[in-house]
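2 protein chains.
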Amino acid sequence: MASYEGNPVAKNIKSAPTWSDESANLLKVAPGFVLGTVDAGSTPGFAGNKADGQAALAAGAAELSALQEQLFANSRAGDNRKVLLILQGMDTSGKGGIVRHVVGAVDPQGVSHHAFKAPTEAELRHDFLWRIRKEVPTAGLIGVFDRSHYEDVLIGRVKQLAPPEEIEQRYGQIREFEEELFDDNTTVIKVMLHISAPEQKARLMERLERPDKYWKYNPGDIDERMLWPGYQAAYQTALERTSTAFAPWYVVPANRKWFARLAVQQLLLKALRDMVLTWPAADFDVLAERARLAAS
Amino acid sequence: MASYEGNPVAKNIKSAPTWSDESANLLKVAPGFVLGTVDAGSTPGFAGNKADGQAALAAGAAELSALQEQLFANSRAGDNRKVLLILQGMDTSGKGGIVRHVVGAVDPQGVSHHAFKAPTEAELRHDFLWRIRKEVPTAGLIGVFDRSHYEDVLIGRVKQLAPPEEIEQRYGQIREFEEELFDDNTTVIKVMLHISAPEQKARLMERLERPDKYWKYNPGDIDERMLWPGYQAAYQTALERTSTAFAPWYVVPANRKWFARLAVQQLLLKALRDMVLTWPAADFDVLAERARLAAS
Numbered sequence: 108m109a110s111y112e113g114n115p116v117a118k119n120i121k122s123a124p125t126w127s128d129e130s131a132n133l134l135k136v137a138p139g140f141v142l143g144t145v146d147a148g149s150t151p152g153f154a155g156n157k158a159d160g161q162a163a164l165a166a167g168a169a170e171l172s173a174l175q176e177q178l179f180a181n182s183r184a185g186d187n188r189k190v191l192l193i194l195q196g197m198d199t200s201g202k203g204g205i206v207r208h209v210v211g212a213v214d215p216q217g218v219s220h221h222a223f224k225a226p227t228e229a230e231l232r233h234d235f236l237w238r239i240r241k242e243v244p245t246a247g248l249i250g251v252f253d254r255s256h257y258e259d260v261l262i263g264r265v266k267q268l269a270p271p272e273e274i275e276q277r278y279g280q281i282r283e284f285e286e287e288l289f290d291d292n293t294t295v296i297k298v299m300l301h302i303s304a305p306e307q308k309a310r311l312m313e314r315l316e317r318p319d320k321y322w323k324y325n326p327g328d329i330d331e332r333m334l335w336p337g338y339q340a341a342y343q344t345a346l347e348r349t350s351t352a353f354a355p356w357y358v359v360p361a362n363r364k365w366f367a368r369l370a371v372q373q374l375l376l377k378a379l380r381d382m383v384l385t386w387p388a389a390d391f392d393v394l395a396e397r398a399r400l401a402a403s
Numbered sequence: 108m109a110s111y112e113g114n115p116v117a118k119n120i121k122s123a124p125t126w127s128d129e130s131a132n133l134l135k136v137a138p139g140f141v142l143g144t145v146d147a148g149s150t151p152g153f154a155g156n157k158a159d160g161q162a163a164l165a166a167g168a169a170e171l172s173a174l175q176e177q178l179f180a181n182s183r184a185g186d187n188r189k190v191l192l193i194l195q196g197m198d199t200s201g202k203g204g205i206v207r208h209v210v211g212a213v214d215p216q217g218v219s220h221h222a223f224k225a226p227t228e229a230e231l232r233h234d235f236l237w238r239i240r241k242e243v244p245t246a247g248l249i250g251v252f253d254r255s256h257y258e259d260v261l262i263g264r265v266k267q268l269a270p271p272e273e274i275e276q277r278y279g280q281i282r283e284f285e286e287e288l289f290d291d292n293t294t295v296i297k298v299m300l301h302i303s304a305p306e307q308k309a310r311l312m313e314r315l316e317r318p319d320k321y322w323k324y325n326p327g328d329i330d331e332r333m334l335w336p337g338y339q340a341a342y343q344t345a346l347e348r349t350s351t352a353f354a355p356w357y358v359v360p361a362n363r364k365w366f367a368r369l370a371v372q373q374l375l376l377k378a379l380r381d382m383v384l385t386w387p388a389a390d391f392d393v394l395a396e397r398a399r400l401a402a403s
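First to last, the protein sequences are chains A and B.
The numbering of the first sequence is my numbering, which starts it at 108 and goes up by one.
The numbering of the second sequence is my numbering, which starts it at 108 and goes up by one.
Pulled out of the complex, with its shape left as it was, chain A reads as follows (with noise of 0.2 Å):
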C-alpha cells in the first residue's frame, strides 16, 4: 500500500462510523509513504465526530483491560507474549495523553511503561539500544515507551549528536533489535503522533497561558520548534527504513486527540485480539484442590 493520502484505492474505502481493521491498514506506513501529505487533521477510517470518537474509545476500555488480564493470565501458564508500543511525536504531539487516556484503562500491574529522556553520561557509554534493552516488556505486560531508540536517529540526526555514518548504521541495528523482539513474541506497534506546526504552536500557547501548565513547558521547545523541517525530515527517513513487517509504522494524525486515542487504542486492541487469547487451563486438579481446601 503507498501512501494512504495519495492511494486512490485508499480514498475510495468507505469510513466506517465504527473502528476496522481496515482503517489501520489506512494509517500503516508502506512503501511509498509521504509524510508530507499525511494531513495531522484528518481522521482516516472513521467517520464520527468527537463525541463519536469518545463514546468508541470509553466502549473500547473494559475489553482493553480484559484483553490486557487474559494475556497477563496466560504469561503465568508459560505463554511468553507481550506488546510493546512505542510513541514518537513532536513536542505537544500528545505522547502523554494516550498514556494516561488509552493505557490508563488497563490494570497499572500489566503497565510496563518508561519515559526516556536525553541519554545520562552513563548510559552514553554504551551503544543506543543499551538502555532501551532494558525497558522492554515481561511476558503478558503491555509495555510503553514515550520516546524510545528513534530519539538516535531523530533528534540524533537533527543535531547531529552523532557522526553520520554512525547514524547510518542504526536503522539497520534498529530493524535488526526489532525484529529480536518479534522473534521473542512481543507485538510491536510503533505510533508516530502526527501534529501540524500551527497545531503544536497553539498547544504551546495554551502551556503559557494556563499556571496548571506552565510546568509542562520548557524554552528549549521553541528550539526545538524551529528545526520542524529538519525533524519532519529525519521522522520520513526513519518511517521509510523502519516500518517493517513485524515491526510496522502507524502514522496517526493527531491534531484532533480525540482520534489519536482512539486510533492507538484500536491499535493495541487489534494486537490483542490477533492473539485470540483463552483463558489458561488450569495446572493442578481442580477436584483435589477443592476437597483439600474444603478440609482446610
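Everything labelled a hint here was simulated from the structure, so no lab data went into it.
Please note: incorrect hints may appear among the correct ones.
Note that identical chains are pooled: a pair holds if it fits in a single copy or bridges any two copies.
What the hints assert, rightly or not - Straight-line alpha carbon distances no greater than 30 Å define the calculated DSBU-like cross-link-like pairs of lysine-lysine that follow: (1) Lys224 - Lys241; (2) Lys157 - Lys241; (3) Lys320 - Lys135; (4) Lys377 - Lys364; (5) Lys241 - Lys266; (6) Lys308 - Lys135; (7) Lys320 - Lys377; (8) Lys377 - Lys266; (9) Lys241 - Lys323.
Assemble chain B onto chain A, guided by the hints.
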C-alpha cells in the same frame, strides 16, 4: 491510641457517612494494638453501605489523579516528595484489587508499581533490603509495593527462612530503612489488608470454581493457609515493632472489598492533601516566551 476495637474513645467516635481524618486514625496501629481483636468484616470510620462506599471511591478517583499530577509537576521543579504505598496481606486479601481499583485512577506515568515475589538466587546473595531499595519511587510518583521487605519478617519468620537472630535484627533494619525514606521526603503508607480465615476460604473456592480465575490459584496457597495462626502472630509482631511516627501501619478490615478500597484511597488522598500542593511557578519569563512562540 490503643487497638481501635478495644478503645472506648475510638468506639464513641461517630462514624461519618463520608470519610474523615478521624476515620484514618481508627485504622492506625498504635501501642497496645492487638490484631486478633480487629473484626475483618467491619467498616470502621464509615457508616455507609456498599453503594455509598463505591460512590465515595468513584468521587475520590479524580482528586487522587489530580493531586498526583500536581505532585509530579512539582517534582519537575525540584520538589523531591513522593509517596510509597506498601500492601501486605494474606493470599486473596485484595492487594491486586487495590492496585486496579484505587491506583488505577492515577495516570500510569505517575505510578511506580512493583510486585515482589520470592527472592531469586541473585537477590538472596544480597541483604534483604537490596532488591527493595532498587524499587523505591522517585520524586513525583506514587510507588506501590505489592508485598515488600515485610515478607522477610512474615514468611521469613513463619517458615524459618533465616536464623531467628537474623530475623530479630530485621525489624530494626526496617525501621532505619523507612526512616531513611522519610528523610528523603517519602510519605510511607503501610497497609495490612486484614481478612478472616473463612473469607479466604470463600475467595480461594471462587478461584477453584471459575475457569477465568484458575490462573490466580496455586496449590501452595493452601499450604500457606494451614499456617494461618503463625502468620497472624508474625503480623502482630511486625505491626508492633515497625509502626512508627514516620511510617505508620494501617490495618484495613478487608472482608468487604469496597471498604478496603475506599480506605486505602482515602489514606492516599490524605497523604497528598497534607502536602498542600500548588502548581509550581514558571521558571522562565512567561511573556518573553509567548513572544518567542508567536514569532516562531
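>> Checking an output row: lysine 308 and lysine 135, CA cutoff 30 Å. Within, between, both or neither?
In response: within (27 Å within a copy, 50 Å between copies)
(request) Go through the copies and call it for lysine 241 and lysine 323: within, between, both or neither, with a Cα cutoff of 30 Å. (result) The answer is both: 27 Å in one copy and 28 Å across copies each meet 30 Å.
Q) Within a copy, between copies, both or neither: where do lysine 320 and lysine 377 come within 30 Å Cα-Cα? A) between (34 Å within a copy, 24 Å between copies)
- request: Please work out whether the CA atoms of lysine 377 and lysine 266 approach to 30 Å or closer within one copy, between two copies, in both situations, or in neither?
  value: neither (36 Å within a copy, 46 Å between copies)
Reference check for the pair lysine 320 and lysine 135, CA-CA at most 30 Å: within, between, both, or neither?
neither (33 Å within a copy, 37 Å between copies)
Open item on the list: One pair to classify: lysine 241 and lysine 266, alpha carbons no more than 30 Å apart. Within, between, both, or neither?
Closed with: within (26 Å within a copy, 34 Å between copies)
message = Please sort lysine 377 with lysine 364 into within, between, both or neither, judging by C-alpha distance up to 30 Å.
response = For lysine 377 and lysine 364, only the intra-copy Cα distance (20 Å) is at most 30 Å; the inter-copy one is 33 Å.
task: At 30 Å max between alpha carbons, let me know whether lysine 224 reaches lysine 241 within a copy, between copies, both or neither.
output: So lysine 224 and lysine 241 pass the 30 Å test inside a copy (14 Å) and across (20 Å) alike.
Can you give me the call for lysine 157 and lysine 241, within, between, both or neither, at a CA distance of at most 30 Å?
For lysine 157 and lysine 241, neither the intra-copy (38 Å) nor the inter-copy (43 Å) Cα distance is at most 30 Å.
In summary, the structure is inconsistent with hints 2, 3 and 8 from the numbered list given earlier, while agreeing with the others.
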